[in-house]
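Student: Chain order of the listed sequences is A and B. Take full-length UniProt numbering: the final residue in the first sequence is number 502, and no numbers are missing along the way. Take full-length UniProt numbering: the final residue in the second sequence is number 502, and no numbers are missing along the way.
Bear in mind the hints are in silico, worked out from the structure with no lab data behind them. Hints are supplied without guarantee of correctness; some may be wrong.
All copies of an identical chain are treated as equivalent in the list; a pair is satisfied when it fits inside any one copy or across any two copies.
Claimed, not checked - Within a straight-line C-alpha distance of at most 25 Å, the following computed SDA-like cross-link-like pairs (lysine to any residue) qualify:
1) K430 with A463
2) K410 with A420
3) K458 with T223
4) K165 with N221
5) K458 with G312
6) K165 with Q329
7) K456 with S347
8) K320 with M417
9) K69 with E113
10) K349 with W489
11) K130 with N221
12) K413 with F127
13) K456 with T337
14) K165 with G312
15) K349 with E453
16) K320 with S269
17) K294 with K440
18) K165 with L260
19) K410 with E123
20) K456 with P486
21) K69 with P262
22) K69 with L260
23) K319 with D126
24) K130 with M473
25) K456 with E317
It should be emphasised that the depicted structure is a prediction, and the values quoted were computed from it without experimental measurement.
Protein chains: 2
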Amino acid sequence: MLPLTTTRASATSLRHLVAHPLRRHASTSTSTPATAPLASFMSSTTVIERKGRIVILGSGWAGYNLARKIDKSFYDVTVVSPNSYFSFTPFLASTTTGTLEFRCATEPVRSIEGVEYAQARAESVDFANKTVTVAPASLSDHTKVQRDKSDATDVALLPEQKLSKNYDIPYDALVIATGCRSASFGTPGVAEHAMFLKDVRDARRIRLRLLQCLELASEPNITDDERRALLSFRVVGGGPTGVEFAAELCDFITEDVDRLYPRLRGLASITLYDVAPGILMSFDGELRHYAEKKFARDGVTVRGNSHILAAGPDWIELKKADGTVERVQYGMLVWSTGLSVNPFVNSLKGVSKDPHTHSIHVDPYLRVIDDQGKPMPHVFAVGDNSTPDSGQRLPATAQVASQMAHYMHKKFKRLSMGKAPESIGPFSWKNKGSMVFVGKEQALVDRSGSTVEGPKSKLSGFAAWFIWRSYYMTLSMSWRNQILVPMYWTLAYFFGRDVTRF
Amino acid sequence: MLPLTTTRASATSLRHLVAHPLRRHASTSTSTPATAPLASFMSSTTVIERKGRIVILGSGWAGYNLARKIDKSFYDVTVVSPNSYFSFTPFLASTTTGTLEFRCATEPVRSIEGVEYAQARAESVDFANKTVTVAPASLSDHTKVQRDKSDATDVALLPEQKLSKNYDIPYDALVIATGCRSASFGTPGVAEHAMFLKDVRDARRIRLRLLQCLELASEPNITDDERRALLSFRVVGGGPTGVEFAAELCDFITEDVDRLYPRLRGLASITLYDVAPGILMSFDGELRHYAEKKFARDGVTVRGNSHILAAGPDWIELKKADGTVERVQYGMLVWSTGLSVNPFVNSLKGVSKDPHTHSIHVDPYLRVIDDQGKPMPHVFAVGDNSTPDSGQRLPATAQVASQMAHYMHKKFKRLSMGKAPESIGPFSWKNKGSMVFVGKEQALVDRSGSTVEGPKSKLSGFAAWFIWRSYYMTLSMSWRNQILVPMYWTLAYFFGRDVTRF
């Protein structure tokens, strides 16, 4: 076994962080390790001999990336998130069909050396006393264990009130990166019946449902019309997420389902809806046209100008371009449009928020603006749950979140070097362009709006697909996934996708 | 993409098989493909131009192996099983800790070329009319989809009564291979609270619970004693399954948990219980001693002569060797002893059964004995759910099930060549010896009781472990898994195991 031990020192010193009344003896007996010259920079009144404590709320693109980058020899870092992992969103669509294994799209937070992790949800923040109150999430809904013969059960091993007791985590700097969740714009029935695609659990759910639809449609007691209804896959939202999912699904059906379920050949259909006239509206017109032509050729139906009015367990009602209302059946409905801030940000007091999105106002240095209109020096908001108070709205993308994480990392680094953090200047987003996979070894790469150096190129087809794969593969966080991802791509190419449902 | 098309011919002709009233037009319009000279060998009265129809109930070691081996150009093969996959049981313990990915221990039934699969449970057999009645299982409990905010939901897409309607499958030859399920010997509380390890879903459940215990124990509001209770892993059954699970768990704790959860170091414990005085009682004494010494050194406690009296959500009550009764706490209880035939075999009418195990009596040619004491020429029982009426009981192992599948394959082959199937002689089991993994790159190989050619060797330690891995790797069914398994072993070696819980 290679020596992969954790930096014990930082892990030990972090014990101070968490309010840990019953184990206080353990933490007080350990001496504070490593030099931390600027440990108390942020609390200018009290100078104590310990590292600066950074608490990050959230383990998404912003939170996870920041936790990875911060120099743990200078800071004690705690990540608070109900998810013990980061979801690598560009690969989620691939995992829904089995092109990639689910774990290829995740990175465990605990694998970041020197970072303390609390499986919990932030409840509230006491800005005056610099404390976050969190609610444990180890027993939360999504972790329930399924059993064969009963409903989801979850044996509480200790009196639940004990485990679900909230606790406090003190911070010197707080970074709010709780992101957004999928939103249904209040469309009735969507929250109950649609599938989303924000997290690896969503992807697993889609995969189970997809394979279930195939088995249901294979039963002999139903008509071909009923089979067609079961195999109607409807995707709402023509942005990159919806398009990539439709593309993966189309590949899965033509490359695997037709072979493994020969009886169902020709019965499946994929329809993509959007309120806009077409799909991928943020892309260059020429590329968009390419994608639409490709989908038309592959049999993926695109329905622009469509408003979904309501959803039931197996139908959606929609208003078409000509104003008529139509009700269509589905076997699986995937909702990939709309975002809203999560309940923690919604309930957060003492900060200024955007009246429309309810996201947190930040100044150009990503400092949270308090309800008096002043930036708080120790509290930051990054990623989808933040909005510059300048009014310039940034896209809610992984690219923006990652760049904000990188900016925060540089600020913290500057602090640890004894410099003023704001001396690096305000945050500015660099548009690196966008990419989307459109199926069958083809993709689009659009750098026409790019604000970084390099060619302002537009590319479609196989070469773009090659760039898509290469880029995301190298963006993978761990060596583990940098090895596994191309391995699974190769296996899917030679042996097809796995249809095991368990 | 490589050409991996199914033999369309056999898939089409199989449509005749399934009672498919609503699609009759589709099947009658296709001509029967391929020559099938001995198609009607088994129904000696009616001679019709079609292939012989073999229906296999079950997708375990016996059923899956038989379905794979049968020559599909001579037979139409249908597999009926609630599980759309085969569980490669030797790797299940490795998947509980993440040494291997779950899918490394599964093979999808639908990937067998030319085999028709019905996700259903056998309900009853009409031996006179050669028909099996099956109940669809596509909507069954274990396939329920979990959602974040609610209990397990499973949207019935069509009126449920329609999908759950039983249907009939006619056969020329029926092979009953439904196997056994885990049994608790009526010990109160075990069925509700214990984890089992027979299937990949069991393995997933164990992994989720194990990781949940680690997160629960990481919460700050509890005492170290409560942590020790949460991290008490108790395994009942000292056979190869229990021993391999304890070994994998011990490796996981020392190699990964101590590194990723430094705060929990020294708090976890593993205890293995058996009614026998020790573990691995079917192994040679010297090897057994080696395993016990190794477990003692690694801190895995072995408690022989222990009878479990009852189990609760976090405790078991047991009678010790000295007759005293003790109640101990656990965080996870894994029950790996005892088997019972499944409900279908229990309710099956018209066949002779073993009065103790309720398994089906077969003659030396594996033909099922009817309730008049006569072998049925077209009905066979293989694997754990069969018992020779001679009284000689065979071990309920993968080895026996595989050999029975191979024997049946040879019989069907002989039939297709125009020979009498019984001319190959009675089934006889060859003991090839046994192997067990005991942790930390060590295993036992015991061929001292072997009845096949080769050295009657006993081996323990690293060399035995090397043989263990090599043997099972080559035994893997698909190319896919023959590539993935060593890849995951290598990744676990270099980067440790993944602790993502979703």
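Student: Each hint: holds or not?
Tutor: Going down the list of hints, with the structure as the test:
{"no.": "1", "hint": "K430 with A463", "result": "within (24 Å within a copy, 56 Å between copies)"}
{"no.": "2", "hint": "K410 with A420", "result": "within (11 Å within a copy, 80 Å between copies)"}
{"no.": "3", "hint": "K458 with T223", "result": "neither (46 Å within a copy, 60 Å between copies)"}
{"no.": "4", "hint": "K165 with N221", "result": "between (51 Å within a copy, 7 Å between copies)"}
{"no.": "5", "hint": "K458 with G312", "result": "neither (40 Å within a copy, 63 Å between copies)"}
{"no.": "6", "hint": "K165 with Q329", "result": "between (45 Å within a copy, 22 Å between copies)"}
{"no.": "7", "hint": "K456 with S347", "result": "neither (42 Å within a copy, 71 Å between copies)"}
{"no.": "8", "hint": "K320 with M417", "result": "neither (59 Å within a copy, 63 Å between copies)"}
{"no.": "9", "hint": "K69 with E113", "result": "within (11 Å within a copy, 49 Å between copies)"}
{"no.": "10", "hint": "K349 with W489", "result": "neither (47 Å within a copy, 49 Å between copies)"}
{"no.": "11", "hint": "K130 with N221", "result": "between (63 Å within a copy, 20 Å between copies)"}
{"no.": "12", "hint": "K413 with F127", "result": "within (23 Å within a copy, 78 Å between copies)"}
{"no.": "13", "hint": "K456 with T337", "result": "neither (28 Å within a copy, 66 Å between copies)"}
{"no.": "14", "hint": "K165 with G312", "result": "between (37 Å within a copy, 24 Å between copies)"}
{"no.": "15", "hint": "K349 with E453", "result": "neither (41 Å within a copy, 78 Å between copies)"}
{"no.": "16", "hint": "K320 with S269", "result": "within (19 Å within a copy, 62 Å between copies)"}
{"no.": "17", "hint": "K294 with K440", "result": "within (10 Å within a copy, 53 Å between copies)"}
{"no.": "18", "hint": "K165 with L260", "result": "between (50 Å within a copy, 24 Å between copies)"}
{"no.": "19", "hint": "K410 with E123", "result": "neither (28 Å within a copy, 66 Å between copies)"}
{"no.": "20", "hint": "K456 with P486", "result": "neither (28 Å within a copy, 43 Å between copies)"}
{"no.": "21", "hint": "K69 with P262", "result": "between (49 Å within a copy, 21 Å between copies)"}
{"no.": "22", "hint": "K69 with L260", "result": "between (45 Å within a copy, 18 Å between copies)"}
{"no.": "23", "hint": "K319 with D126", "result": "neither (47 Å within a copy, 53 Å between copies)"}
{"no.": "24", "hint": "K130 with M473", "result": "neither (39 Å within a copy, 55 Å between copies)"}
{"no.": "25", "hint": "K456 with E317", "result": "neither (41 Å within a copy, 71 Å between copies)"}
Checked against the numbered hints given earlier, the structure breaks hints 3, 5, 7, 8, 10, 13, 15, 19, 20, 23, 24 and 25 and satisfies all the rest.
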